[in-house]
Amino acid sequence: MTEKTYREALTDALFLEMRRDENVFVMGEDVVGGTGSPHAEPGFVGGVFGVTGGLHEEFGLDRCIDMPISEAGIAGTAAGAALAGKRPVAEIMFCDFMGLCLDQLMNQAAKFRYMFGGKATCPMVLRTTYGAGMNAASQHSQSLHPLVTAIPGLKVAMPSTPADAKGLLSTAIRDDDPVIFFEHKTLYTITGDVPDGEHLVPFGKARIVSEGDDCTLVATGRMVSFCENAAQALADDGVTCDIIDPRTTSPLDEDAILDSVEKTGRLVVVDETPPRCSFASDIAALAAGEVFSSLKAPIKQITGPHSPVPFAKELENEFVPSPTKIRDAVAEVVNFK
Amino acid sequence: MTEKTYREALTDALFLEMRRDENVFVMGEDVVGGTGSPHAEPGFVGGVFGVTGGLHEEFGLDRCIDMPISEAGIAGTAAGAALAGKRPVAEIMFCDFMGLCLDQLMNQAAKFRYMFGGKATCPMVLRTTYGAGMNAASQHSQSLHPLVTAIPGLKVAMPSTPADAKGLLSTAIRDDDPVIFFEHKTLYTITGDVPDGEHLVPFGKARIVSEGDDCTLVATGRMVSFCENAAQALADDGVTCDIIDPRTTSPLDEDAILDSVEKTGRLVVVDETPPRCSFASDIAALAAGEVFSSLKAPIKQITGPHSPVPFAKELENEFVPSPTKIRDAVAEVVNFK
Amino acid sequence: MQLAREELEQAYKQMKTIREFEEHLHREIMTGSIPGFTHLYAGQEAVAVGVCENLTEADFITSTHRGHGHCIAKGCDVIGMMKELYGKADGLCKGKGGSMHVADMDVGMLGANGIVGGGPPLATGAALAAKLDGKGSVAVSFGGDGSCNQGPVFESMNIAAILKLPSVFVYENNRYSEHTHCDYVIASESIASRVEGFGIHTVKANGFDFFEVHEVMKELIAKAREGNGPCAVEFETTRFYGHFEGDPQNYRAKDELKDDRENNDCITIFKDKVTEAGLLSDEDINKLDEEVNSLIEESVDQAKKSPLPNPEDVTTDVYVSY
Amino acid sequence: MQLAREELEQAYKQMKTIREFEEHLHREIMTGSIPGFTHLYAGQEAVAVGVCENLTEADFITSTHRGHGHCIAKGCDVIGMMKELYGKADGLCKGKGGSMHVADMDVGMLGANGIVGGGPPLATGAALAAKLDGKGSVAVSFGGDGSCNQGPVFESMNIAAILKLPSVFVYENNRYSEHTHCDYVIASESIASRVEGFGIHTVKANGFDFFEVHEVMKELIAKAREGNGPCAVEFETTRFYGHFEGDPQNYRAKDELKDDRENNDCITIFKDKVTEAGLLSDEDINKLDEEVNSLIEESVDQAKKSPLPNPEDVTTDVYVSY
Ligand SMILES: Cc1ncc(C[n+]2csc(CCOP(=O)(O)OP(=O)(O)O)c2C)c(N)n1
Ligand SMILES: Cc1ncc(C[n+]2csc(CCOP(=O)(O)OP(=O)(O)O)c2C)c(N)n1
Ligand SMILES: [Mg+2]
Ligand SMILES: [Mg+2]
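Chains as they are written, first to last, in our numbering: chain D, 606 to 942; chain X, 606 to 942; chain S, 83 to 404; chain A, 83 to 404.
Hints listed in this document are in silico derivations from the structure and should not be mistaken for laboratory results.
This one's a predicted model, so the numbers in the text were calculated from it and none came from an experiment.
Treat the hints loosely; a few may be bogus.
As the list claims (entries may be wrong) - Calculated pairs, DSS-like style, for lysine-lysine (alpha carbon to alpha carbon, straight line, at most 30 Å):
no., chain 1, residue 1, chain 2, residue 2
1, A, 355, A, 305
2, X, 918, D, 724
3, S, 355, S, 95
4, A, 386, D, 918
5, X, 901, D, 901
6, A, 336, A, 353
7, X, 918, S, 336
8, D, 724, S, 336
9, A, 95, A, 353
10, D, 724, S, 286
11, D, 930, X, 901
12, A, 95, A, 305
13, A, 355, S, 286
14, D, 942, X, 901
15, S, 387, S, 369
16, X, 868, D, 901
17, X, 724, A, 217
18, X, 942, X, 918
19, D, 918, X, 724
20, A, 387, X, 724
21, D, 810, D, 724
22, X, 724, X, 790
23, A, 286, A, 246
24, A, 369, A, 387
25, X, 790, S, 386
26, D, 724, S, 95
27, A, 355, S, 246
28, S, 336, A, 246
29, D, 942, X, 868
So here's chain D without its partners, still in its complex pose:
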């Protein structure tokens, strides 16, 4: 175990997997940063968030490929390379830009195997950043995991800790299906203990963040710590919560969620997307269909409002679910009769 940042944990996984399998390569805008510059040695940036930093020094520019600002081209090239036997790890700088390459993800990568009768594999990983919290405004702050979770054929991972960042990314790279990998912009600098050497976290297996009796909280990414924060405050009032981080929204560890709701009888789902057709509603609907008889209170969803993400701090803070709102929601369902 070594204490690492979330960012370092991701870089760690990339180094290990690229060493392990020469079919793995990284590609994206400025993932090296400066390739082909007439003025400088390439390799200064390593991604605007620094996750691919240093890789080209060990693996060379053949396996660390700076790409033009062509998101469709990036995702399509990755999908084609994967179909042809490679294991590309492509970077789309902000998940907001998936609007430019959704065809390549939704109609191509996700559907090859099915359309081709099970005879193709597309082992690509598309790493991207998401989430509000940096005043980056409407086009650089979205959380678009529901969009891809809805698409059969894709898998979707969203680590909330440095250890999971490493373990899920390693698993994603070895996975034979296309994986969309969401890194929360505000988590890059958090630190935590990360296993050294090979570390694989299986897909579809939730992390039980904390255990309690009165309510189940389901959250991913940055929202997990917001839930922990809320749960601590609630504990002071004698209310204890299960906090469940699904880790991957597709496949989803339905059992972990349903078992917990059967135990607590109450469910609050927290996510920083707008509310409609969301991952929060997905989980709420799951419970309403599968463990109805155990429910003691309405299922609450704490999400952003039905609006884009605003720029100004005061507005953005209001957009994002807060520990206070989470706490209030739990209190409400616990007091429901």
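On the provided structure of chain D, position chains X, S and A with the ligands as indicated by the hints.
For chains X, S and A with the ligands alone, coordinates are given in the frame of chain D:
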């Protein structure tokens, strides 16, 4: 009232709205069909589904614009024209192709007004087709209304009858916000009474298709008639249903749905998308949060499976919710204890 | 025409197989036994075959909605394809893909594609894989005149060029995208001149003549194999049927189709050339025709007898593991 | 330099306003009082102003992530912009947009854009609206060298060309997209030659010289107004700051920035030209500088004093009605 097909009803709306407001124009691939051909007078096709047929004869090629196969260009041009004061009605031939122009819808059209502090309007309509039932396989059979329903800033309409087709399209064209308008491929040939002259169906006001006591069925588009079919069979067994067609998934007539569920105590949501982060889960979660105390049984979602839409008839029929499956689901919740 | 006898026979047989495959479908679609959307390649055979005869199974192609010709030319099993089009359980894609999604990884056929312009980005990726593997494979993307207006296609050409990928962009200009004439919708002087704008060496050639296609491609593909980066071709060609079955085609000139069938039928042109040059005799041709006909008959026969898919299989083949 | 004295003063004032606006932000970002992602336009002023001085409020522009210059040049209220960047309730976009989304429909400014390549399709639509209205308006899209690899940008150029729209594509080639040099990432000989491939008349010009920009644009915009279809320009230019604040810029040549500041500062070049030619005196310039400085001071002052947005307003302005 005149008996018309769904297709004719749509064309009717286009004629009326283009006469009423010279800012309205249509654009898309082959919406005229043959503009600029060195060999023929343009105007043979009027859209591959025939909806824009004949318009150019009355309104000329300035207001009926054949476009290249450039979905991003089409949607972006429409968004820009709308921002500049026009009311474009753009056609994207199959909603599956929205993967190519999602940026223009999600990051541009949907967000202008918000990002610009309420000082812009983007009164565009994007007409598109959706749904399975024609053996058109994975890339031409999707139902992507959840994708756009999730996006704040967009409105989403899905007519299920000829009368609503006309009324909702007229409303969409006059609406000052961007509207994604879904036409089900298999409904073009259905017939029904359609009001002559101006006919406006308001957004956010559900159609109560039928009334009953035991269960609420919520469905849109083609699934509405499937529900009617199921409800008839159930009526023979003495089980009666409210069938609610929201007409627009955004804005959503929450009251109509919730009032009904409060009355019946049971809810089955039917949609032909895959299950995850879907419109079905959206409605289920709504009820689980808002009318929990009225619920007498688990909320059921009847959707397609978590897979792409297959090609062969036998597989496609299995993918799409059937009246039998709907009936069984209602029977199950009615018998629940 | 520096081709060996077997090569000529092979080329003719491939072209003829495509033609008869499509003629069969043309008749059969009317009867309703072929479900879904089917776009026929008849008329363009010289392009698919002229290109693919320069490729091996280690090379990749991506195709279009009008993909049967490319599939057959690249070596997909004809019987498996016919079964697929009939929507049968033992079709090449188990009845899940159909006409617009025929594919066979084993022969480097990365799929027909229902998205116009969907192929080139994938071919770019396959070309990148080929470059990384360093074994001299190339990736060819086929695309229609209409596809050359899709943004991802442009992006692919730029990417292939900056990364110097062994990528060949083949544009089959059959003058129409659905009902739209290429001159209306393509702003450039030609597709070729537009592609040149990306710094990609581009050739314009006659797609009615197998020999011209074959020769042009031989040189270009060889160069791509050697690591000289991407190249492109614009082939003049024609489709013998409407965009879809029942298309009245009144966007075409009055005698255009008749004229094309009489003067621009690539199979007639090929036959005339090889028989006039004494390379193959009428008898040879007849023999090949018979082989083709019995293959098509066999494929139809088997396709009709093949089992329907099991409804339960709707949820298989979505993931490798889930 | 056929410009009247007021025009010269106006041009200088606009360029200087942009420069001082950016210099203020550059200092202020360090302090943390400017939230979010801010990209500075300093160094490129001659392009924005040289273009926009040929436009009226009835004309449209679309901009980029590096949009402050275009906004000011097109006539957005500078005080409203400053308030917006400070995230204030009475900012031009009520604090909802910020740097990457400054817009003002009233002056035909259709928005900065956080999506690289997001603007040109919108400008194409505005140009279509202008054509339909038939009043001689034009739509100009600004884009960086990096944006010229985005598919939707290509699609826009083709659409503008086939529909003969009054659309002007301005490419500001400042040699870098983030850390990437344009030569690596653009396959064509130049942006201009690529655009020419779309059958669009394209000019390459010196973007350091306001007068060259102004003259080139005057002619092109006039032609577009007259219905001659789209045209394009590639301007050579430079950005004086990093892509983001704190960017060490070690992808640039050793003395590149120093050199650009010394020899390619468009404001210095302008000043030297007009004073040498005796069109404006040093005193005139000083007076204008003072006006600019007090405007910027005033804007900062007001911005700092302006009220913060009300959290409840997070859900307003999503729809006209819902
Ligand atoms: C992205 C997308 N847009 C539109 C269509 C509908 N469509 C199918 S084929 C076609 C025309 C294609 O023209 P071209 O590329 O010239 O190929 P051809 O049909 O002539 O072989 C169109 C518009 C599609 N399948 N995909
Ligand atoms: C679609 C998209 N991809 C990537 C980015 C991230 N990004 C912001 S600015 C930029 C570089 C743009 O370069 P250029 O077009 O030359 O403009 P410049 O920054 O030089 O003004 C990139 C890659 C983005 N904002 N949008
Ligand atoms: Mg064509
Ligand atoms: Mg640049």
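Hint check results:
Only pairs whose Cα atoms come within 30 Å are accepted, and residue 355 (chain A) paired with residue 305 (chain A) is accepted, the gap being roughly 28 Å. Distance hint between residue 918 (chain X) and residue 724 (chain D) is fulfilled; the C-alpha atoms sit about 21 Å from each other, no more than 30 Å. For the suggested pair residue 355 (chain S) and residue 95 (chain S), the alpha carbons sit about 15 Å apart, so the restraint of at most 30 Å is met. With a C-alpha separation of about 15 Å, the suggested pairing of residue 386 (chain A) with residue 918 (chain D) holds against the 30 Å cut-off.
The straight-line distance between the Cα atoms of residue 901 (chain X) and residue 901 (chain D) is roughly 13 Å, inside the 30 Å bound, and the hint therefore holds. Pair hint residue 336 (chain A) plus residue 353 (chain A) holds up; C-alpha atoms about 27 Å apart against a cutoff of 30 Å. Between the alpha carbons of residue 918 (chain X) and residue 336 (chain S) the distance comes to roughly 38 Å, so the proposed pair goes past 30 Å and is violated. Restraint check for residue 724 (chain D) and residue 336 (chain S): the C-alpha separation of about 45 Å exceeds 30 Å, so the hint is violated.
Taking the CA atoms of residue 95 (chain A) and residue 353 (chain A), the gap is near 11 Å; set against the 30 Å cutoff, the hint holds. Distance check on the hinted pair: residue 724 (chain D) and residue 286 (chain S) sit about 36 Å apart at the alpha-carbon level, beyond 30 Å; violated. Restraint check for residue 930 (chain D) and residue 901 (chain X): satisfied, since their Cα atoms lie roughly 29 Å apart, inside the 30 Å limit. Restraint check for residue 95 (chain A) and residue 305 (chain A): satisfied, since their Cα atoms lie roughly 27 Å apart, inside the 30 Å limit.
Taking the CA atoms of residue 355 (chain A) and residue 286 (chain S), the gap is near 50 Å; set against the 30 Å cutoff, the hint is violated. Note on residue 942 (chain D) and residue 901 (chain X): the hinted pairing holds, with a Cα-Cα distance of about 16 Å set against a maximum of 30 Å. Proposed proximity of residue 387 (chain S) and residue 369 (chain S) is supported: the alpha carbons are some 27 Å apart, at most 30 Å. Taking the CA atoms of residue 868 (chain X) and residue 901 (chain D), the gap is near 20 Å; set against the 30 Å cutoff, the hint holds.
A threshold of 30 Å between alpha carbons decides the hint, and for residue 724 (chain X) with residue 217 (chain A) the separation of about 23 Å falls inside it, so the pair holds. Note on residue 942 (chain X) and residue 918 (chain X): the hinted pairing is violated, with a Cα-Cα distance of about 37 Å set against a maximum of 30 Å. Restraint check for residue 918 (chain D) and residue 724 (chain X): satisfied, since their Cα atoms lie roughly 21 Å apart, inside the 30 Å limit. For the hint pairing residue 387 (chain A) with residue 724 (chain X), the CA-to-CA distance comes to about 23 Å; that is within 30 Å, so the pair holds.
Between the alpha carbons of residue 810 (chain D) and residue 724 (chain D) the distance comes to roughly 27 Å, so the proposed pair stays at or under 30 Å and holds. A hinted pair counts as satisfied when its Cα atoms are at most 30 Å apart, and residue 724 (chain X) with residue 790 (chain X) does not qualify at roughly 37 Å. Pair hint residue 286 (chain A) plus residue 246 (chain A) holds up; C-alpha atoms about 21 Å apart against a cutoff of 30 Å. Restraint check: the Cα-Cα separation between residue 369 (chain A) and residue 387 (chain A) comes to about 27 Å, which is no more than 30 Å; the hinted pair holds.
Distance restraint check for residue 790 (chain X) and residue 386 (chain S): the Cα-Cα separation of roughly 28 Å lies within the 30 Å cut-off, and the hinted pair is therefore satisfied. Taking the CA atoms of residue 724 (chain D) and residue 95 (chain S), the gap is about 27 Å. The hint holds against a cut of 30 Å. Between residue 355 (chain A) and residue 246 (chain S) the CA atoms are separated by roughly 45 Å; this puts the pair beyond 30 Å, and the hint is violated. Only pairs whose Cα atoms come within 30 Å are accepted, and residue 336 (chain S) paired with residue 246 (chain A) is accepted, the gap being roughly 29 Å.
Distance restraint check for residue 942 (chain D) and residue 868 (chain X): the Cα-Cα separation of roughly 20 Å lies within the 30 Å cut-off, and the hinted pair is therefore satisfied.
Against the hints set out earlier in the document, violations occur for numbers 7, 8, 10, 13, 18, 22 and 27.
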